[in-house]
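Colleague: Based on the hints, put chain B with the ligands in the right spot on chain A.
So you can see what is in the structure, the chains are spelled out below.
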Amino acid sequence: MINLKDITKIYKTGKIEFKALKGVSLNVDKGDFLSIIGPSGSGKSTFMNIIGCLDVPTDGEYYFEDTDISKYSKNALAEIRNKKIGFIFQKFNLLTKLSAFENVELPLIYRGVDTKKRHKKVKKALENVGLYKHKDHKPTELSGGQQQRVAIARALVAKPPLILADEPTGNLDSKSEEEVMDIIKNLHRKGSTIVLITHDLEVAKNADRMISIKDGMIYDERMK
Amino acid sequence: MDVKMVLKLAFKGIIANKMRTFLTMLGIIIGVSAVIILVALAQGTTQSVTESIESMGTNLITVTITGRGTDTTLSYDEVMKFSEKEGVSGISPVVSGNVTAKYGNNSTSVSLEGVDSNYETVRNHSVQTGRFIKNLDVEYRNKIVILGTEVVDEIFNGINPVGKDLQINGTKFKVVGVLEKKGSSMGGSNDEKILTPISTAQRFLKSTGVKNFYIQAKSSDEVEIVENQTEISLLKKFENDDDSYRIFNQSEMLSTMDDVTKNMTLMLGGIAAISLLVGGIGIMNIMLVSVTERTKEIGIRKAIGAKRKDILNQFLLESAVISGLGGIVGILTGIGGSSLLTVLVGLNTSISITILIISFGFSLVVGVFFGMYPANKASKLEPVDALRFE
Ligand SMILES: Nc1ncnc2c1ncn2[C@@H]1O[C@H](COP(=O)(O)OP(=O)(O)OP(=O)(O)O)[C@@H](O)[C@H]1O
Ligand SMILES: [Mg+2]
Numbered sequence: 001m002i003n004l005k006d007i008t009k010i011y012k013t014g015k016i017e018f019k020a021l022k023g024v025s026l027n028v029d030k031g032d033f034l035s036i037i038g039p040s041g042s043g044k045s046t047f048m049n050i051i052g053c054l055d056v057p058t059d060g061e062y063y064f065e066d067t068d069i070s071k072y073s074k075n076a077l078a079e080i081r082n083k084k085i086g087f088i089f090q091k092f093n094l095l096t097k098l099s100a101f102e103n104v105e106l107p108l109i110y111r112g113v114d115t116k117k118r119h120k121k122v123k124k125a126l127e128n129v130g131l132y133k134h135k136d137h138k139p140t141e142l143s144g145g146q147q148q149r150v151a152i153a154r155a156l157v158a159k160p161p162l163i164l165a166d167e168p169t170g171n172l173d174s175k176s177e178e179e180v181m182d183i184i185k186n187l188h189r190k191g192s193t194i195v196l197i198t199h200d201l202e203v204a205k206n207a208d209r210m211i212s213i214k215d216g217m218i219y220d221e222r223m224k
Numbered sequence: 001m002d003v004k005m006v007l008k009l010a011f012k013g014i015i016a017n018k019m020r021t022f023l024t025m026l027g028i029i030i031g032v033s034a035v036i037i038l039v040a041l042a043q044g045t046t047q048s049v050t051e052s053i054e055s056m057g058t059n060l061i062t063v064t065i066t067g068r069g070t071d072t073t074l075s076y077d078e079v080m081k082f083s084e085k086e087g088v089s090g091i092s093p094v095v096s097g098n099v100t101a102k103y104g105n106n107s108t109s110v111s112l113e114g115v116d117s118n119y120e121t122v123r124n125h126s127v128q129t130g131r132f133i134k135n136l137d138v139e140y141r142n143k144i145v146i147l148g149t150e151v152v153d154e155i156f157n158g159i160n161p162v163g164k165d166l167q168i169n170g171t172k173f174k175v176v177g178v179l180e181k182k183g184s185s186m187g188g189s190n191d192e193k194i195l196t197p198i199s200t201a202q203r204f205l206k207s208t209g210v211k212n213f214y215i216q217a218k219s220s221d222e223v224e225i226v227e228n229q230t231e232i233s234l235l236k237k238f239e240n241d242d243d244s245y246r247i248f249n250q251s252e253m254l255s256t257m258d259d260v261t262k263n264m265t266l267m268l269g270g271i272a273a274i275s276l277l278v279g280g281i282g283i284m285n286i287m288l289v290s291v292t293e294r295t296k297e298i299g300i301r302k303a304i305g306a307k308r309k310d311i312l313n314q315f316l317l318e319s320a321v322i323s324g325l326g327g328i329v330g331i332l333t334g335i336g337g338s339s340l341l342t343v344l345v346g347l348n349t350s351i352s353i354t355i356l357i358i359s360f361g362f363s364l365v366v367g368v369f370f371g372m373y374p375a376n377k378a379s380k381l382e383p384v385d386a387l388r389f390e
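So the sequence lines, in the order shown, correspond to chains A and B. At position 109 of the first sequence the residue is numbered 109 (our numbering), and the sequence of numbers has no breaks. At position 70 of the second sequence the residue is numbered 70 (our numbering), and the sequence of numbers has no breaks.
Derived by calculation from the structure, the hints in this document are not laboratory data. Keep in mind that a hint or two might mislead.
[To be verified] FRET-style restraints, in silico, Cβ to Cβ:
| no. | chain 1 | residue 1 | chain 2 | residue 2 | range |
| --- | --- | --- | --- | --- | --- |
| 1 | B | K12 | A | D182 | 29 to 37 Å |
| 2 | A | D182 | B | I15 | 32 to 40 Å |
| 3 | B | E293 | A | P39 | 27 to 35 Å |
| 4 | A | G144 | B | Y373 | 31 to 39 Å |
| 5 | B | L23 | A | K138 | 23 to 31 Å |
| 6 | A | G31 | B | E293 | 36 to 44 Å |
| 7 | A | N171 | B | I15 | 27 to 35 Å |
| 8 | A | T115 | B | S339 | 38 to 46 Å |
| 9 | B | I15 | A | K74 | 29 to 37 Å |
[Said to hold, decoys possible] Using 25 Å as the maximum straight-line C-alpha spacing, the simulated DMTMM-like pairs for lysine to aspartate or glutamate come out as follows:
| no. | chain 1 | residue 1 | chain 2 | residue 2 |
| --- | --- | --- | --- | --- |
| 10 | A | K214 | B | D385 |
| 11 | A | K30 | A | E65 |
| 12 | B | K8 | A | D114 |
| 13 | A | K138 | B | E293 |
| 14 | B | K236 | B | E222 |
| 15 | A | K19 | B | D385 |
Here a beta-carbon is modelled for each residue, glycine too, at the ideal position from N, C-alpha and C.
Only chain A is shown next, with the shape it has when bound in the complex (with noise of 0.2 Å):
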């Protein structure tokens, strides 16, 4: 499904260059479920932004479904982040000044669906994580599981093949967090490709693989 040749990214700030990749390759096939762990500021969130083509690499290729997207334009990464992949952030990363429904509905908006089966679509997803009742709460309305649940079903409604999610518990109870795991559990048990960002070794046992990071460097990969 995708896979990342020799990757390297270097930060610039100002004349100091900092290399926070130093050459990762990977490989995930389509069904797997793949976690990521490693220490604070070893370059996870980093080996993400690429993986999830919000970020191009300084050196190294990358093919998405056999495609060389290396050197794609921006437009071309912005229509593959919206119909390939779902993200799941920490922070949720939802829009305060939409409900939930809205929320859920603005990757269908950005893919150009027609109305009526946008609603649909938002209806169910809603519903697979348990909160269409609270459709119309904005953000501030909901507890922090609530909203990660609604954030979820913002990066399912579309169907992508591949679903990114950086440490996606981090900022949860640990009640909220069962249950988000649950809904990730269940997503790849239907199918979905996952890449599962953690520090928490509980959390990244979850996973079929696992993958340990460290100092922008994969040392460690184990099966479960």
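Modeller: Chain B with the ligands alone, transformed into the frame defined by chain A:
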């Protein structure tokens, strides 16, 4: 992404910041309403002046004799000779002087104009009650007068003057009619005068010469011919001294007037347009703040697949909606303000659809133009950078 959705998003952004949006709009509102009110004033003035010039009569040529040496007037017969010329449909000589008119205890100083029956058609000024001066009145030097409405208001206190006796410089005149109200034109009020048969005036004012007369041409095409002929005759009479008379052509007056008011409209409209521009800069200012404030939002939108174009459209539309709404409110304020000026201050205003469309369009253009830079800035944000923003 469809237009309806973009509009909805734009409105949401606007509603979320009601007060700020209103203050931003205020610049546009003031700009648009200023354009409308000032242009309405300019056009209203033009219209009323034009109307009053036209109300003097159509195809009119006004001749004023200033004279040369002792020869300061034309005789009545000399003037009447002009009526034989080609293209002339009527001549109206005027002999005038200042007199004091008195009725009961009220008196006023007013201009007495001796005219004949032609005056009514040539000057297009007839009576509202009573009758006009007839040829017989001129023949018999009847001591009758026709009053302008302001004279009636000043000394008759609501009494119907027709049939009453009026003292003019101590001599008794019978009032036979009241002129229609005309309002004022370039030469001052048309209603503050008393008309009397020209023969009566000649004797009464002890001046037989005519200093003023009006010539009416048969059609507007013939005005110039008549004017030239008149000029030739007068040059001959005053031995080629073209300072001894003045000839006004009504259409020349109108076109001069037109030039003046066009410039005035442009100038006032221009000043107001500048305030619209200032309003536009206000929009740019607010939209820039808004882009910074909403960096995170932009990042989220981009992460879930918004393209550059989508973000650009969203911000452009927001500023267009702000300025468009401001334009609509400004138009309403402008219309209201103009009618208030007319009702309360009595100024002439005239609002044309054209200026409404132009000022609304201009406000939209201002919004889009000044929204362009902030929108472009927003659309160019990198998704990672925007997401990291707190
Ligand atoms: N935009 C940037 N400019 C410069 N340095 C950066 C930038 N983004 C990240 N870094 C640096 O790159 C390194 C990796 O950052 P990254 O955010 O990927 O870590 P992480 O593994 O996600 O950590 P955490 O668990 O705390 O989220 C860090 O040392 C960080 O300081
Ligand atoms: Mg991180």
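Colleague: Hint by hint, say whether it matches the structure.
Modeller: Quick rundown of the hints versus the structure:
no.: 1; hint: B:K12 with A:D182: 29 to 37 Å; in the structure: 33 Å, holds
no.: 2; hint: A:D182 with B:I15: 32 to 40 Å; in the structure: 37 Å, holds
no.: 3; hint: B:E293 with A:P39: 27 to 35 Å; in the structure: 34 Å, holds
no.: 4; hint: A:G144 with B:Y373: 31 to 39 Å; in the structure: 38 Å, holds
no.: 5; hint: B:L23 with A:K138: 23 to 31 Å; in the structure: 25 Å, holds
no.: 6; hint: A:G31 with B:E293: 36 to 44 Å; in the structure: 41 Å, holds
no.: 7; hint: A:N171 with B:I15: 27 to 35 Å; in the structure: 29 Å, holds
no.: 8; hint: A:T115 with B:S339: 38 to 46 Å; in the structure: 43 Å, holds
no.: 9; hint: B:I15 with A:K74: 29 to 37 Å; in the structure: 30 Å, holds
no.: 10; hint: A:K214 with B:D385; in the structure: 23 Å, holds
no.: 11; hint: A:K30 with A:E65; in the structure: 9 Å, holds
no.: 12; hint: B:K8 with A:D114; in the structure: 15 Å, holds
no.: 13; hint: A:K138 with B:E293; in the structure: 19 Å, holds
no.: 14; hint: B:K236 with B:E222; in the structure: 21 Å, holds
no.: 15; hint: A:K19 with B:D385; in the structure: 18 Å, holds
Hint compliance for this structure: every hint is met.
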